[in-house]
Amino acid sequence: MKARILFALMPMFLAGCIPTYTLKKAGPTTVANGAFTVQPSSAWNVVPKDVSRTQWEEVWTQNGPLLDTVAFLGGLPEGKAVVVQKKKEEQRVPLFRANMSPEDLASMVEASYRIRGVTVFNVESVDPVEFLGGQGIRVRFNYAPSNGITKKGDCVLRVIDKKLYVMKLEGVSSHYFNAVVPEFDLLVSTAALQK
Amino acid sequence: MKGSRRHFLIGGGACAACLSSMAGARVLPTNLESLVDTNYEPLDADERGMWQSCERIEEMIRTSPQRFDAPALHDYTRGVVERLVGRETPDLRIYLMRDSMFNASMYPTGMMIVNTGFMARVRNEAQYAAVLGHEAGHFFRKHSIAGYRSIRRKSSTMAFIGAAANAAAGYSGQGSWIDAANVINQALVLSVFQFSRAHEAEADAYGIQLMSRAGYSTTAASQVWSQLIAERKASAKQRGAKYNDRSESAFSTHPPSEDRMQDLADTADHLTTVSGAASADGRDEWLAAIQPHRAMLLEEQIKLNDPGASLYLVESLAQDGWTGVLRYNEGEIYRLRNAAGDDVKAADAFAASTALPDAPAEAWRAHGFALLKAGKTPEGREALNQYLTMKPDARDAGIVRYTLNQ
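If you read the sequences in order, they're chains R and U.
The opening residue of the first sequence carries number 1 in the working numbering; numbering runs sequentially from there.
The opening residue of the second sequence carries number 1 in the working numbering; numbering runs sequentially from there.
Rather than coming from a laboratory, the hints here were simulated on the basis of the structure.
Hints are not guaranteed to be accurate.
[As the list claims (entries may be wrong)] Listed next, the in silico BS3-like pairs over lysine-lysine satisfying Cα-Cα at most 27 Å (straight line):
no.	chain 1	residue 1	chain 2	residue 2
1	R	LYS195	R	LYS87
2	R	LYS80	U	LYS345
3	R	LYS80	U	LYS373
4	R	LYS87	U	LYS345
5	R	LYS163	R	LYS80
Please model the entire structure based on the sequences and the hints provided.
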């Protein structure tokens, strides 16, 4: 009898262990472990942390991570990568260095897709952008994952005091990307370093 | 799904007819005849089921954004296949795919897939023919259906196979055609790996026999494998890792690559002795066909940032002489690796590239940023201006102009 009760309660216990989405309401809020603040105009879902992301990253979504995401990377130090990777991995994203040129930073973004098996990756533009109170770079791109559903991306990056700060929008090309662009632009324009 | 060049030795094609699988026995030049003609139709329910699954995969491939749109190269590829089989091949449909993994595969319906990751590593037409001949061997010897029937006889695997077939047949688009193909492939391979090994041996024998008849240098088949092994060893050495053939697993259809390479070399020697006929490697034909795509093929590999493998590839191609494109890619390898001293190596390679007549515009951009990093501002600005002159509509022109205005 006791075993049956335990068995019946097991799903509830396991459900408690599963990381859940939390709601981020509109208005000023801190992101990426408090590295900087942004001011969303609508509510977002915060994607639970998982082992595939570095400790400096936080991810939000409006319609689910398969359709759209906004990632925040706050204060990645020199010698670290924007993704979790093993030292002896065959294909690796270049480690971040504070003296990286705009070309190097764009390559870093591209490599993070290539090493995941993306072969068709196109940089649409690389432009200067105002970000966190100074001049950063903005990389717009699209890519074709093997599932045939093309995605678009918009990534802003800036190096401040030898640390890397990033905001990246990614979404399905057909609708979701364009739908989130205005809100992403708002997030970029309101982003401010934590005092 | 993580793409890794390491996995070319694990498998990953379709219907147990993948280039990556290898033979388990010494390859002999047997006299194998085709079991398929141009009007071939599936014979029974087993085969029809297999065809339906593969046709769904082909639908996805046909509309995939990964299709490599290169009509001349497509026709060239068909020409090589037709030279091998000695007739026109309306029953074969060839799809060139932008996939950086070294692979090619053959489906029982007559669909052949050739990856750009394979093309990037080929040195001559005979090597191209060696792999296409092997794949044609699977098709013309009907290996997929034989493998499928073999596992159908094993009741314990029926449920798994049924699920695999359904996954492919009822595929709704959430995953990829590669995933669907792998489901079928793994189902077959896991169940009948010994059976598959025999097929791989037969496909090797069939392929090399076709090469001999078509007048190709048969040593090209073993060269393909020796180049791959050397590349993987270079990659492992660079990373301080141990070279792993990954073919000794119980689930593998293939023996160690070095064994296979030796078998193919022995067979080539035997055929050369027996036929005594002249053979050609078709190097000039290959270079003419691939030249328009060389920069893209190299870019796909170099941007994977596997520096040992990439340096091996670039230096191997440079044995015929350094070009601006090769020097630029050499610099890119160092720029992406970004280890101590790599900034100097990259800068030297970019400078060398820009001194050559075929230097791509991107070499001037890279040269410019390298000079700026080294504190050579006037020279760096001059190089970036040259980049914009050569490519005024460059997609990164905005940030380059901004840099120049600082």
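* Asked: Has the given pair, LYS195 (chain R) with LYS87 (chain R), been kept, meaning a C-alpha gap of at most 27 Å?
  -> violated, 34 Å
* **LYS80 (chain R) paired with LYS373 (chain U) [C-alpha distance capped at 27 Å]** => holds, 20 Å
* Are LYS87 (chain R) and LYS345 (chain U) close enough, with their CA atoms no more than 27 Å apart? -> With a Cα-Cα distance of about 22 Å, the restraint between LYS87 (chain R) and LYS345 (chain U) holds, given a limit of 27 Å.
* To do: Please work out if LYS163 (chain R) and LYS80 (chain R) have their alpha carbons no farther apart than 27 Å.
  => Roughly 10 Å between the alpha carbons, so the hint for LYS163 (chain R) and LYS80 (chain R) holds.
* To do: Verify the proposed pairing of LYS80 (chain R) with LYS345 (chain U), using a straight-line Cα cut of 27 Å.
  => holds, 22 Å
Checked against the numbered hints above, the structure breaks only hint 1 and satisfies the rest.
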